[in-house]
Amino acid sequence: MSRTHRGWQGAAAFGATLALVLTACGSNGGDSSGNGEPSGDPVTGGTLVYLEHQPHDTLYPPAAGFYPNGGLVNNITDRLVYQNPETLEFEPWIATDWEVNEDATQYTFDLRSDVTFSDGSALDAEVVAANFDLYGLGDPDRALTVSEAVNNYASSEVVDADTVVFNFSAPAPGFLQATSTINSGLVSASTLEGAFEDFGPGNGQNVIGSGPFVITAEEIGTSVTLGAREDYAWAPASRENQGRAYVDEVQVTVTPEDSVRVGALTSGQADVIRYVEAQDEAQVAGAGLEIYAPQTRGVNNSLSLRFTNPILSDIRVRQALIAGIDRQEVVDTIYTENYPLATSSLSSTALGYENLEDYYAFDPERAADLLDEAGWTLGADGIREKDGQSLTLVVNEAAPQPRSFEALTLISQQLAEIGVDLQILRADAGTYTEAIQDAGQVQIYHSMVGRADLDVIKSQYYSTNRNTLLNRDPATDTIADPELEALLEAVASEADGDTRIANSQAVQTYLAENAYVIPLFEEPQVFGSQTDVAGFSFESVGRPSFYEVWLDR
Amino acid sequence: MTAEAPTDVRVPDGAPTPGAPRTRGSGAVGRSTPPTGGGRVVALLTGYVPRRLGQALIVLWIAFTAAFVLLQALPGDAIMIRFENPELGLSPEQIADIRASYGVDDPVLIQYLHTFAGFVRGDFGYSVQSGTPVQQLIAEAFPQTLVLAAAGFVLAVLLAFAIAFLSASASFAWIRTALRSVPSLFVSVPVFWLGIVLIQSFSFRLGWVAVINPGPVEGLILPVLTLAVPIAAPIAQILTRSIDEVYTQPFVRVVQAKGASPSWVLWRNVLKNATLPTLTMAGILFGELIGGAVVTETVFGRSGIGRITEQAVAHQDTPVLQAVVLLAATAFVLINLAVDLIYPKLDPRLARQVGASR
Numbered sequence: 001m002s003r004t005h006r007g008w009q010g011a012a013a014f015g016a017t018l019a020l021v022l023t024a025c026g027s028n029g030g031d032s033s034g035n036g037e038p039s040g041d042p043v044t045g046g047t048l049v050y051l052e053h054q055p056h057d058t059l060y061p062p063a064a065g066f067y068p069n070g071g072l073v074n075n076i077t078d079r080l081v082y083q084n085p086e087t088l089e090f091e092p093w094i095a096t097d098w099e100v101n102e103d104a105t106q107y108t109f110d111l112r113s114d115v116t117f118s119d120g121s122a123l124d125a126e127v128v129a130a131n132f133d134l135y136g137l138g139d140p141d142r143a144l145t146v147s148e149a150v151n152n153y154a155s156s157e158v159v160d161a162d163t164v165v166f167n168f169s170a171p172a173p174g175f176l177q178a179t180s181t182i183n184s185g186l187v188s189a190s191t192l193e194g195a196f197e198d199f200g201p202g203n204g205q206n207v208i209g210s211g212p213f214v215i216t217a218e219e220i221g222t223s224v225t226l227g228a229r230e231d232y233a234w235a236p237a238s239r240e241n242q243g244r245a246y247v248d249e250v251q252v253t254v255t256p257e258d259s260v261r262v263g264a265l266t267s268g269q270a271d272v273i274r275y276v277e278a279q280d281e282a283q284v285a286g287a288g289l290e291i292y293a294p295q296t297r298g299v300n301n302s303l304s305l306r307f308t309n310p311i312l313s314d315i316r317v318r319q320a321l322i323a324g325i326d327r328q329e330v331v332d333t334i335y336t337e338n339y340p341l342a343t344s345s346l347s348s349t350a351l352g353y354e355n356l357e358d359y360y361a362f363d364p365e366r367a368a369d370l371l372d373e374a375g376w377t378l379g380a381d382g383i384r385e386k387d388g389q390s391l392t393l394v395v396n397e398a399a400p401q402p403r404s405f406e407a408l409t410l411i412s413q414q415l416a417e418i419g420v421d422l423q424i425l426r427a428d429a430g431t432y433t434e435a436i437q438d439a440g441q442v443q444i445y446h447s448m449v450g451r452a453d454l455d456v457i458k459s460q461y462y463s464t465n466r467n468t469l470l471n472r473d474p475a476t477d478t479i480a481d482p483e484l485e486a487l488l489e490a491v492a493s494e495a496d497g498d499t500r501i502a503n504s505q506a507v508q509t510y511l512a513e514n515a516y517v518i519p520l521f522e523e524p525q526v527f528g529s530q531t532d533v534a535g536f537s538f539e540s541v542g543r544p545s546f547y548e549v550w551l552d553r
Numbered sequence: 001m002t003a004e005a006p007t008d009v010r011v012p013d014g015a016p017t018p019g020a021p022r023t024r025g026s027g028a029v030g031r032s033t034p035p036t037g038g039g040r041v042v043a044l045l046t047g048y049v050p051r052r053l054g055q056a057l058i059v060l061w062i063a064f065t066a067a068f069v070l071l072q073a074l075p076g077d078a079i080m081i082r083f084e085n086p087e088l089g090l091s092p093e094q095i096a097d098i099r100a101s102y103g104v105d106d107p108v109l110i111q112y113l114h115t116f117a118g119f120v121r122g123d124f125g126y127s128v129q130s131g132t133p134v135q136q137l138i139a140e141a142f143p144q145t146l147v148l149a150a151a152g153f154v155l156a157v158l159l160a161f162a163i164a165f166l167s168a169s170a171s172f173a174w175i176r177t178a179l180r181s182v183p184s185l186f187v188s189v190p191v192f193w194l195g196i197v198l199i200q201s202f203s204f205r206l207g208w209v210a211v212i213n214p215g216p217v218e219g220l221i222l223p224v225l226t227l228a229v230p231i232a233a234p235i236a237q238i239l240t241r242s243i244d245e246v247y248t249q250p251f252v253r254v255v256q257a258k259g260a261s262p263s264w265v266l267w268r269n270v271l272k273n274a275t276l277p278t279l280t281m282a283g284i285l286f287g288e289l290i291g292g293a294v295v296t297e298t299v300f301g302r303s304g305i306g307r308i309t310e311q312a313v314a315h316q317d318t319p320v321l322q323a324v325v326l327l328a329a330t331a332f333v334l335i336n337l338a339v340d341l342i343y344p345k346l347d348p349r350l351a352r353q354v355g356a357s358r
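Residue numbers (our numbering), protein chains in the order written: chain A, 1 to 553; chain B, 1 to 358.
Hints are supplied without guarantee of correctness; some may be wrong.
Listed next, with one range per pair, are the computed distances between beta-carbon atoms [as the list claims (entries may be wrong)]:
# : chain 1 : residue 1 : chain 2 : residue 2 : range
1 : A       : A282      : B       : V189      : 26 to 32 Å
2 : B       : W208      : A       : A427      : 56 to 62 Å
3 : B       : I221      : A       : P310      : 56 to 62 Å
Just so you know, the hints here were simulated from the structure itself, not pulled from any lab data.
C-beta atoms are modelled at their ideal positions from N, C-alpha and C, and glycine is treated no differently.
With the sequences and hints as input, model every part of the structure.
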C-alpha cells in the first residue's frame, strides 16, 4: 500500500537556531532522498513525465509565486543561498559566504567563480548585482515588477569578480532568505535585458539560468521540456547529487482537467502529477501510488475579516464568526489529513509560529450570545438583523486555493445556524479584482501565502503588500489600524533574529486578540507519483525539484 | 443586382416546395443543363466575389469594433487583473507606474484607434497575461485547431450521412426506428462528459491510445470523436428530415413511375435536394466547432484556439480576445462565402437565376 509523506508536518522547535524538527518521513533531498521506496544507487537517464494543472504565464522570477511558474524557475535557476527545506537553515550555494552588517542594511556575498549560465556566460558579481537591481527596484517601463520578498533595496556594488555588496535604505532582515527563494532565481545578463514579454510563454528557451535544467522545447500553453545540463556541478553541499541531474529530461505537460490528470497517473501514462485534489487522494492512494504533501509554511489558508466594514467593525461580530465556524468539521469534510487544522494565522511549520488555538475554538452558543449582545437579533427568516439591516456578508471564492468554494459553502451553512447569511462571490476576473479591493463588496477575504521567512506575515497584511485586511483603504489610502501597521513593520525591519520572532508572534497574538483573522488549515501542495520515481523533493514552500529524481525501472 | 442573387434565393428550407413549377424541371432531376458557364464565372469574378469581399471586410470591422466596445465595458481590465492581483504584493505606486507604461488609462478613442491601426498593420499586440505576442499565440494554436476542427467536421458529416442513409434505406427498416433516435441521443450528450468518458474507457482502461504526450495522429483520435459526435447529430437530424420531406414530393413519384431504382432515386434525386438545408446547417454548426474546441482542447490538454480563448477570457486578456474574435469572424465569413458559392453547384436553379437576370 501507499505511504503518505507529510513533509515537515510536526512540531517546530524554536530556539536560537530555529531548527525545525521533521517528524513525518521526509520527502525532500539530503540523506533521506531515497526515502524508503526504490533503493540502490541512482540511475542516470530517462524522461520524467510531469503533469501540471495550469500553463505557466511567465518565467520572470519575482512573479514565480504562481506554482506553474515556480515549478519551472526552481529547476532552471540557482540562488545565492540555499535554504535547506528540512532545517530552514541557510547554506552556501552560488554564494560561498556572506556577511550582514549590524542593522541589516548591508549584505556582502562572496561568490563561486566556476559557475556558468547555460549560454556559456559566467555567473559573476556583475550579473548578480544586475539581477538584484532589477528584482529590488523593478522597471515599470518593461512591466517588470519588484520582488515581493526584497524590501528597502537601495543599490548594489561590485567589489570584484566574485564579491558583491547590496545596500538597503532601511533594515532588511528578510533579505538573506529572499535570496534563497525562487523569486530571486539568477538569470543571465542577456535575459535581464528583456522586458516582461521576453519572459513569457513561447520564449522559455531564451530565459537563461544556471540551474540543473534548461528549457529545450516549448509548446505554448501545453508543454515545456526540461533537459538536464551535462556540466552542472554547483549544487548545494547538502544535496546528495553533486553532478548533473539524474534524468535526461522532464516533460512538463499541462493537463487542466483533474480527472484526466489523476487517471493518467493511475493508468501509468504520467510519472508525477501536481495538484491532486483532496477528493482524489483516495483514488491515488488506492492505486498504490505515492502522495506527497509538502507544506507551504507561511500564512495559513484563512479568512481575513475586514474590520473597516461597518458590520465587522464590532469585535463581537468578528468573535462570533470565529466561534460560529466549526473548522474541524471543514477540515474533516472537505479536506484530508494532509491539511492540518490551523492553530494560528501562521502555519505550525512556519518560522515564528505561536500556538493560539484557544482563540479559535468552536462555540456556537457563545457566538449567538455575542451577536445578541452586539444587537443583532434573529429575524423571521432566520437571519439576524439590526436597524433594518440584515447580517449578510460576502466572501470571495479563492480560485487558486484548493476546494475554496466547497469549504466556503460548508462554512456558510455553519454560519446560517447562528443567523449569519454568508454569500460567496464567484465572478469574472475583472469584477472579482475590483470587488476584493472594496470592503463594501467583499467583507471576508479568503487567501493564503507561502514563504519560509518571518516577513511572510507582513506580506499578507501590510498596507502596501497584499493588504488582505484592507487596513489601507485603496480608495482613500487611509490606515484604519496604525498599531497593526507598526507591528508588521517591526517584523520586517528588526535585524536581530530573536526579536523578529517575538515581533512575528506579537502580530499573531494581535490578530487573534482582535479577531481579525479566521485561520482554516495549513495548506499543502499535493503531488501524486509513481512508486518507482525516487528522489522527488521540494524547496522550502513546496515547489518541485527534479534535480535528484531518478527512475527505478 | 446580379451579384446578390445567390444570397437572396437562399431559402433555409431549400427543398423544393410543392406546387413550385420549377420543381419538376430538369435541374432537380439531375440532368441539369449548365447555364452559360463562362459568363457566370466572369459575373462572379467581376461583381459577386469582390462585393462579397467588401461586405466581409465591413463585417470584420463591425466585429472588431463591437468586441472592443464590449471588452471596454466589462468591469476591470487585463492590467488590473494581472498586476493588482494581491498575490504579487505590489504597492499602489508600483501599479500606477505599470498602468502608465501600458497606457491603459488613455482616452478610449485613442486606444481604439491605436489598436485598430495595429490590427490593420497586422500587429495584434501582446498578451497582457503572459506577454507573449498575440501573433505567435495564434500562429502556434491555429493550425492545431484547424486540423482538429476539419477532421471533426469531416467525421461529423460522414457520421451524419451514414445515419441518414441507413435510416432512409428500406433494407434496414428493422433498425430504422433505433437509428432515428440516435441523433437526439447524440445532441443531448455534453461534449465535456463525452470527452472524459472516451478518455477513461479507451485510454485509461483499455490503453489503446495515449492521452499524455501522444503522437500527432494518436492525439487526434479521441478529440476528433468527441468533437464530431455532437455536430454529427444535428446534421443527421436535418438530413433525415429533409430526405423524408423530399420523398413526399411529386417529382419523386414521377421518377419512380419512370422506373428508377430506389437507389437511383435516393442518390440522384432525393439526396441532392435534401443536401441544401443540411449545408446551411453545417455552415452554422461550424460555430459549434469553435465552442466545442474550447471544451475538447481543455479536456485533452491540446493547445489550440479554444485553450487560448479560455485562458484569455479567464484573465480578460483584451488583445488576445480581440484577435480571437476577429479570427472567428473571419472563419464565419469564409464559411458563409463557401456555402453560398456551393449552393448553385447543388441546385442549378439558383445558378440560373444569376444567369437569367443578366
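Structure-based check of each hint:
1. For A282/A paired with V189/B, a C-beta distance near 29 Å keeps the hint of 26 to 32 Å intact.
2. A beta carbon spacing of about 41 Å between W208/B and A427/A contradicts the range 56 to 62 Å that was offered as a hint.
3. Between I221/B and P310/A the C-beta distance comes to about 59 Å, which sits within the given range of 56 to 62 Å.
In the structure shown, a violation is registered for the earlier hint numbered 2 alone.
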